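Visitor: Whole structure, please, built from the sequences with the hints as guidance.
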Amino acid sequence: MDRFWITSPAVFYGIGGLLVAYVLYMMVVRRKGERSDLAGRGPEL
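To convert, note that position 34 of the sequence shown is 34 in my numbering; the numbers rise steadily by one, no gaps.
These are calculated hints, taken from the structure and not from any lab test. Treat the hints with care, since some could be wrong.
Derived SDA-like pairs (lysine to any residue); straight-line CA-CA distance at most 20 Å [said to hold, decoys possible]:
#, residue 1, residue 2
1, Lys32, Tyr22
2, Lys32, Val20
3, Lys32, Ala21
For clarity, every value in this text was computed on a predicted model and none was experimentally measured.
Guide: This is the structure in structure tokens:
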């Protein structure tokens with residue numbers, strides 16, 4: 001059980017990092033792909 005407690009945080013932060021990176025990647029893709037929606041919401045810089 002000691003090994004489980006040591007590796008659990010590492011796996012947790014690893015999966016969390018992948019989820020954050022995936023969300024940021026999807027946000028960038030949406031910004032590049034859906035420019036028409038952004039133009040309707042507000043002016044582009």
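Visitor: Confirm or reject each hint.
Guide: Structure-based check of each hint:
no., hint, result
1, Lys32 / Tyr22, "15 Å, holds"
2, Lys32 / Val20, "19 Å, holds"
3, Lys32 / Ala21, "17 Å, holds"
In this structure, every one of the numbered hints holds.
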